[in-house]
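S.K.: Got chain A sorted already, so can you dock chain B onto it with the hints?
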Amino acid sequence: MDLFQLLEEAGKVPPAQDAMIDAAVGLVLTAASQEGSQSAPAPSLARRRTRRHRRIAFGAVASTAAAALAVAAFLAVTALLPATHPGSRKPSHPVHAQLAAWTVVKQADGTVNVKIREFRDPAGLQAALRADGVPASVILVRSLPPSANGNSIPGDPCHGGPWSQFVQDKVVTGNPFRAGMFIHLSALPRHAGIQLVATANVGSNSPQLGGGTFAGYWLVQASSRCTGS
Amino acid sequence: VDPTGRVDPTDGDAVAQSLAGRPEAFAAVVHRHGQAVHAYLLRRSDGQTADDLLGEVWLRAFRSRHNYKQHWHSARPWLYGIARNVLRAEWRRRVPGHDCLADPGHDPWPDVDARLDATRQGAALGVVLGALNPKDREVLLLAAWEHLSPAEIAVSLGIPAGTARWRLHRARTQFRQRLDEITTPPPLACTKET
Numbered sequence: 003m004d005l006f007q008l009l010e011e012a013g014k015v016p017p018a019q020d021a022m023i024d025a026a027v028g029l030v031l032t033a034a035s036q037e038g039s040q041s042a043p044a045p046s047l048a049r050r051r052t053r054r055h056r057r058i059a060f061g062a063v064a065s066t067a068a069a070a071l072a073v074a075a076f077l078a079v080t081a082l083l084p085a086t087h088p089g090s091r092k093p094s095h096p097v098h099a100q101l102a103a104w105t106v107v108k109q110a111d112g113t114v115n116v117k118i119r120e121f122r123d124p125a126g127l128q129a130a131l132r133a134d135g136v137p138a139s140v141i142l143v144r145s146l147p148p149s150a151n152g153n154s155i156p157g158d159p160c161h162g163g164p165w166s167q168f169v170q171d172k173v174v175t176g177n178p179f180r181a182g183m184f185i186h187l188s189a190l191p192r193h194a195g196i197q198l199v200a201t202a203n204v205g206s207n208s209p210q211l212g213g214g215t216f217a218g219y220w221l222v223q224a225s226s227r228c229t230g231s
Numbered sequence: 493v494d495p496t497g498r499v500d501p502t503d504g505d506a507v508a509q510s511l512a513g514r515p516e517a518f519a520a521v522v523h524r525h526g527q528a529v530h531a532y533l534l535r536r537s538d539g540q541t542a543d544d545l546l547g548e549v550w551l552r553a554f555r556s557r558h559n560y561k562q563h564w565h566s567a568r569p570w571l572y573g574i575a576r577n578v579l580r581a582e583w584r585r586r587v588p589g590h591d592c593l594a595d596p597g598h599d600p601w602p603d604v605d606a607r608l609d610a611t612r613q614g615a616a617l618g619v620v621l622g623a624l625n626p627k628d629r630e631v632l633l634l635a636a637w638e639h640l641s642p643a644e645i646a647v648s649l650g651i652p653a654g655t656a657r658w659r660l661h662r663a664r665t666q667f668r669q670r671l672d673e674i675t676t677p678p679p680l681a682c683t684k685e686t
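If you read the sequences in order, they're chains A and B.
Throughout the first sequence, residue numbering follows this note's numbering, covering 3 to 231 in sequence.
Throughout the second sequence, residue numbering follows this note's numbering, covering 493 to 686 in sequence.
Please keep in mind that the hints were generated in silico from the structure rather than gathered at the bench.
The beta carbon of each residue, even a glycine, is placed where N, CA and C say it ideally should be.
Please note that the accuracy of each hint is not assured.
As the list claims (entries may be wrong) - Pair by pair, the computed Cβ-Cβ distance ranges are: (1) A:T175 <-> B:E673: 17 to 27 Å; (2) B:A616 <-> A:T175: 42 to 52 Å; (3) B:W658 <-> A:Q7: 15 to 25 Å.
What the hints assert, rightly or not - Taking lysine to any residue pairs in the SDA-like style, the calculated list, with each CA pair at most 25 Å apart, reads: (4) A:K14 <-> B:A643; (5) B:K561 <-> B:I651; (6) A:K14 <-> B:L671; (7) A:K14 <-> B:K561; (8) A:K14 <-> B:T665; (9) B:K627 <-> B:T541.
Claimed, not checked - Covered stretches of chain A (chain B as the covering partner; in silico rule of three or more C-beta atoms under 8 Å from a C-beta of chain B): (10) 20-33; (11) 103-116.
For reference, chain A alone in the conformation it holds in the complex (with noise of 0.2 Å):
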C-alpha cells in the first residue's frame, strides 16, 4: 500500500450521527432567532444562555437512542392540558421569553424549525406554530391511556388520518424534542395538521427523559377545533 494510502487510512472515522448534525443546526438556528429579536438580551447574558443551550442540545442526543419515539409504549391515563390557543406572535420571531423553553422559525423555503427544549406553554407553542402557517395541536397530558392508537389520544378533538408512516417522514423531520423538527409545509396534505404530544416536562433536565417519559407527533385531520383551520 502507497504510504499515503496508509496515511489516508488511519483517517478513517465513523460519522456522526444525524441527530449530532441536527443538533448543530438547531444550535445555529437558536443563535439565528437571537440575532434577529428585537429585545436580544445584553451580551453576557446571551454568551451564557448559549452556552447552556449548546449543553442542552447535545446532552439530549446523547440520550436519543435511550429515549426513541416508541408510539407502542404508551400507558396510563390522559389529563389533557389545553388543546387551543389564540396565536398572536409575530411569525419566525419567537417571544423572548419563551426562548429557553422552545424556538420556532420560519425558514425562508416554508420549512418551520422547531426545537423543544423543556415542554413548557405549549399553548403558546402552538400559537407560535399556527402563526407561522402550521395547522398544529399541541397538546401535554400526564399520561397515555392505554386505548391510545399512536395516532390520536381518547378524549382529544384531533383524530389521525389515512396517512402512512411514509407519507408522515416527508412532512416531518428530525425530532422537536431532541435535535430539533423540521416540518416541510409543502409536503403536508390537504387536510392534515401535525400534532405534538407530550406526557411530561420533556426538557432534557428533566430525569424522566428516556425513562418512560413519552414525546411524539404525527399527522391528524385538520378541523378547527384541532388545528385551527
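M.R.: Frame of chain A; chain B shown alone:
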C-alpha cells in the same frame, strides 16, 4: 439539487443571505459541512471531545461569518480553521497557563497518536508523524485526511498559498523518508563461511 428539484444555495450565497437579514440561512452551511467538521474534530481528539466541541465550532462560525470571503469556493477550509482554533482553546484549557498559540511547538499529538495506535501500522505512522514539525504535520494531515488542496490549506491556516505548497512538499518528503527508515529492515550482515 435535492429530490424535489430545489437548488441549494452555495456556501457564499448562504452566508450572504445570513448577513442580509436572514441569519437562519446559515443552517444550509451546517447541513452541508456538519459531517466533515465533526470528522475533523474526531481525527484530532477523542469521540466525546469531538461531540462536545462541534456546537462551539458552529456557533463561532455563525458569529464570525462576516469574515467569510465570498470568492471562496467552499466554506470547508474556513470551517476547519475555526475547528482548529476551538481545539487549541480546548488544549489550553486542559493545560492551564500554557498558551499553545504562543508556542507553535505545542500540539495535542498524544491524542492523535493514541488513536493511530489502534489502527493497522498505526504505531509506525504515529512515530513518523509525531516527529514532524507540527506546522508541517498539520498541512500534511489537511491534505491526506481532509483532502484539501494547497490553496485550501492556505485558507484554513491563514497562510500564503506558496507557503502551504512548500510545507506540504517538505512534509511529504520527510514523512516518506522517516517512514522508510522505520519500516525498512536493516541489510543482512554478510557472513563468510570458512
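S.K.: Now, for every hint given, state plainly whether the structure supports it.
M.R.: Hint by hint, here is what the structure shows:
Checked against the given bound of 17 to 27 Å, the beta carbons of T175 (chain A) and E673 (chain B), roughly 52 Å apart, lie outside it. The hinted window of 42 to 52 Å between A616 (chain B) and T175 (chain A) holds, with their beta carbons roughly 44 Å apart. A C-beta distance of roughly 23 Å is found between W658 (chain B) and Q7 (chain A), which places it inside the suggested range of 15 to 25 Å. Taking the CA atoms of K14 (chain A) and A643 (chain B), the gap is about 23 Å. The hint holds against a cut of 25 Å.
Restraint check for K561 (chain B) and I651 (chain B): satisfied, since their Cα atoms lie roughly 15 Å apart, inside the 25 Å limit. Annotation: proposed proximity of K14 (chain A) to L671 (chain B) holds, straight-line Cα distance about 20 Å (limit 25 Å). Taking the CA atoms of K14 (chain A) and K561 (chain B), the gap is about 30 Å. The hint is violated against a cut of 25 Å. The hinted pair formed by K14 (chain A) and T665 (chain B) meets the criterion: a straight-line CA distance of about 22 Å does not exceed 25 Å.
At most 25 Å may separate the alpha-carbon atoms for a hinted pair to count; K627 (chain B) and T541 (chain B) meet this at roughly 22 Å. Counting residues of the segment 20-33 of chain A whose beta-carbon sits less than 8 Å from any beta-carbon of chain B gives 9, enough to reach three: the coverage restraint holds. A stretch counts as covered by a chain when three or more of its residues have a beta carbon under 8 Å from one of that chain; for the segment 103-116 of chain A and chain B the count is 5, and the coverage holds.
In summary, the numbered hints that this structure violates are 1 and 7.
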